[in-house]
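Can you make the complete structure from the sequences, with help from the hints?
One-letter residues, chain by chain:
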Amino acid sequence: MDGEWLRLDRRGVLAGGTMLSLAAACPALAAVGTPAERTIRYVVFDSRFRESREFARHPALAHAERLDVAAGLTRLWQDRLVPHWRDGTGIVAGLTTRPVWDGLSQQALHQFRRPAKLALHSVDPATGLAAHRTGAAARGSLADCAGADWPARMALAVTACAASPSRADCLAGLAPAASARFRGEGFHLATWMIG
Amino acid sequence: MTPPPGISPATFAAAIEEFAGVVGKAWVFTSDADLELYRDAYSPLRGSDEDRRASAAVAPASVEEVQGIVRAANRHGIPLYAISTGRNLGYGGSAPAYSGSVVVDLKRMNRIIEVSDSNHYAIVEPGVSYFDLYNHIQEKGLKVWLDVPDPGWGSLVGNALDHGVGHTASRFRNHFDAHCGMEVVLADGEVLRTGMGAMPKAKTWAQYKNGYGPIVDGLFSQSNFGIVTKMGFWLMPEPEAFMTGVIQASRYDDLHQLVETLKYVENLGIAPGPPEMGSPLLGAGGDTKTLVDMFFSGPPRLDKQHADLIAGARLGYSADLERYGIDNRIPYWTLNLTFYGPRKVVAAQWEAVQDIAAARIPGATFKAGKVLTNAREAAEQQQIYPQNVGVPNLEFFAFGTRAGGNPHPARGHMWFSPVIPQSAEGILEANRVFDEAARTIPVLKNLPMFNLRPFSLPSPFYERTFLFILGFPIVDDPEVNKAVVAAFRELIRIGADHGWGEYRTPTIFQDQVMNAYSYNDNALLRFHQTMKDALDPKGILSPGRYGIWPRHLRETAR
Numbered sequence: 001m002d003g004e005w006l007r008l009d010r011r012g013v014l015a016g017g018t019m020l021s022l023a024a025a026c027p028a029l030a031a032v033g034t035p036a037e038r039t040i041r042y043v044v045f046d047s048r049f050r051e052s053r054e055f056a057r058h059p060a061l062a063h064a065e066r067l068d069v070a071a072g073l074t075r076l077w078q079d080r081l082v083p084h085w086r087d088g089t090g091i092v093a094g095l096t097t098r099p100v101w102d103g104l105s106q107q108a109l110h111q112f113r114r115p116a117k118l119a120l121h122s123v124d125p126a127t128g129l130a131a132h133r134t135g136a137a138a139r140g141s142l143a144d145c146a147g148a149d150w151p152a153r154m155a156l157a158v159t160a161c162a163a164s165p166s167r168a169d170c171l172a173g174l175a176p177a178a179s180a181r182f183r184g185e186g187f188h189l190a191t192w193m194i195g
Numbered sequence: 001m002t003p004p005p006g007i008s009p010a011t012f013a014a015a016i017e018e019f020a021g022v023v024g025k026a027w028v029f030t031s032d033a034d035l036e037l038y039r040d041a042y043s044p045l046r047g048s049d050e051d052r053r054a055s056a057a058v059a060p061a062s063v064e065e066v067q068g069i070v071r072a073a074n075r076h077g078i079p080l081y082a083i084s085t086g087r088n089l090g091y092g093g094s095a096p097a098y099s100g101s102v103v104v105d106l107k108r109m110n111r112i113i114e115v116s117d118s119n120h121y122a123i124v125e126p127g128v129s130y131f132d133l134y135n136h137i138q139e140k141g142l143k144v145w146l147d148v149p150d151p152g153w154g155s156l157v158g159n160a161l162d163h164g165v166g167h168t169a170s171r172f173r174n175h176f177d178a179h180c181g182m183e184v185v186l187a188d189g190e191v192l193r194t195g196m197g198a199m200p201k202a203k204t205w206a207q208y209k210n211g212y213g214p215i216v217d218g219l220f221s222q223s224n225f226g227i228v229t230k231m232g233f234w235l236m237p238e239p240e241a242f243m244t245g246v247i248q249a250s251r252y253d254d255l256h257q258l259v260e261t262l263k264y265v266e267n268l269g270i271a272p273g274p275p276e277m278g279s280p281l282l283g284a285g286g287d288t289k290t291l292v293d294m295f296f297s298g299p300p301r302l303d304k305q306h307a308d309l310i311a312g313a314r315l316g317y318s319a320d321l322e323r324y325g326i327d328n329r330i331p332y333w334t335l336n337l338t339f340y341g342p343r344k345v346v347a348a349q350w351e352a353v354q355d356i357a358a359a360r361i362p363g364a365t366f367k368a369g370k371v372l373t374n375a376r377e378a379a380e381q382q383q384i385y386p387q388n389v390g391v392p393n394l395e396f397f398a399f400g401t402r403a404g405g406n407p408h409p410a411r412g413h414m415w416f417s418p419v420i421p422q423s424a425e426g427i428l429e430a431n432r433v434f435d436e437a438a439r440t441i442p443v444l445k446n447l448p449m450f451n452l453r454p455f456s457l458p459s460p461f462y463e464r465t466f467l468f469i470l471g472f473p474i475v476d477d478p479e480v481n482k483a484v485v486a487a488f489r490e491l492i493r494i495g496a497d498h499g500w501g502e503y504r505t506p507t508i509f510q511d512q513v514m515n516a517y518s519y520n521d522n523a524l525l526r527f528h529q530t531m532k533d534a535l536d537p538k539g540i541l542s543p544g545r546y547g548i549w550p551r552h553l554r555e556t557a558r
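The listed protein sequences correspond, in order, to chains A and B.
Mapping to our numbering: the first sequence position 124 is 124, numbers consecutive.
Mapping to our numbering: the second sequence position 343 is 343, numbers consecutive.
Honestly, the hints are just simulated from the structure, not real lab data.
Just to be clear, a hint being listed does not mean it is correct.
[Claimed, not checked] If you want the footprint, here are the derived chain B segments under chain A, 3+ residues with CB under 8 Å:
{"no.": "1", "region": "83-93"}
{"no.": "2", "region": "389-395"}
{"no.": "3", "region": "531-544"}
[Said to hold, decoys possible] Just a sample of chain B residues kept apart from chain A, beta carbon distances all over 12 Å, derived:
{"no.": "4", "residue": "S8"}
{"no.": "5", "residue": "E18"}
{"no.": "6", "residue": "S155"}
{"no.": "7", "residue": "T373"}
{"no.": "8", "residue": "A379"}
C-beta: ideal position from N, C-alpha, C; glycine also.
Rendered as structure tokens:
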């Protein structure tokens, strides 16, 4: 009974440098990976949400391949992300619904990858304005990102988190002085990275 | 590195060194960032000291490495906590029952040992997920079906050991019952094979369950007596065709005969698929696909009169609501049955079921689905709920309390899952008791609870009984989560008062549930403890799992 092994090379990847930590606060994302590991390879988005589309087509993420959840989450994961997480280097980033984040992050764990949730967004469907929360849930660092262009700011933040060798406070730009309560109204999206 | 309770830093460091010697340094995890991944993603205790944490994790790739880890742990007295893939979400995830245990992560043990589409079985290691085996079967063109749970990302071994269930024919839905043969590493590092696996030259390990002598397989499910490293599973031969038929009943009292029909046709073996009950009139679930659609899109939009009638119903009933349903041809109850087999057999089974139901339920109507032949295609085209034809999918992931349709944004959920009698009286009594509790007991008031109102219909996974599954969302507010934990404990207590015990429960409630199975001064638990002390005298294997504690922690850790 020899059986067939399914490849799992996570630690081989890790040997080149630590990727992302789970802690959602960006300083904890500080990673010292190689440039290839710090590159955003895929951007996962959901074309059914304007905010997600805007995030994905931001020029800062133009180098990454875009994967649309609306075309089928299972297929996206199996055909693209499984091979990438098996052998590849580079980050998968996304702005999607929370269930999509939940599904993909759990699947990433199966391949010893490290998911990190950067921010949660409670979006008012009428205006596109959103309340945002960054940081780990228990710490609840609240931030308010004024204006409906917040997806673009998240794209920049993701890029900063991925690329900055120091990664110090890469979400700070999202938090103007004023902060708002996370209202739990409208619909909910998440910005995330999986290394 | 924080050592397990009662273990000195020096001893722990020595154990970690030994683990690394067994599996290689790359597969021993001690950093905070790595250990975060082994916390319960859905824990209601997040942010509190009670939240379970691992002190380290180690990922062996072979049974020999598992043996090495267990032996090292025995030498140093290190508590271990074995997980297959750790995807038991909603029931505790990969977090250890005893905080500070070293998680033995079996994901690297992911060999598909054998799949036979002649004798229809598979033998796999714990790290093989349903997706893995499904893809393997597809790639090799094998003519067998899997039975997958929701959403199919977990381990076959882990799910079966936790008494998980699936969505195809009844012979395969009960995943532990569908297993045949296992390999187990015992607490002293010895390897045991059950069934025909105990006979070195046997070729029937995954074909004949009983072997010879006492059948011990059950000792390793929902327990901590060994680490299961291989299991055989019986698979369904790929059927020529499959279809779903719906029985519709228009009167409230039809519930009785509908359930009697369900039992008769299922236990007779002519309706092998999952019997899914629903109530279009009450806007309550039904087949799983409809249920999932509701989670994604929110509850069905009913006109005001209809919604008001539902709101005014008591235990799901009012004469006006029943009249409204009859006038508008909205069934009070539905029963979805799925059939698998040759086209002729599928057609004959459905025809027979209609005859039986028509004789029992005056005015029953029937709706036949399309006869389908290609499971993958049917799943992709959403002609059928994929899991009902053995196809795992991630789309289902929003199941529970996390989807867009849910007004209460959540970061997780927990399932309260008592076993109730398979009868209309059982359904009505469970609704009455839990609804009343939710209305009158302070700790249950004002908490979002999924699947209770306006009327809860049971899950049909197991034969002969119903599961009355209620869900609690886990949110970011620690105070709400604290209230949810208290409410959950109250439901366990209420259920036990009525003889309804959980078939499975999140880790943090396992002691309470085990204590509810208390016949004859907890004789069953005391038997478990006797076994534990005999098989694992140092108590290193998964202390506390399913409420079974080793002697030295029995009084202090519970």
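Are any of the numbered hints broken by this structure? If so, which, sorted upward?
Hints 3, 6 and 8 not satisfied by this model.
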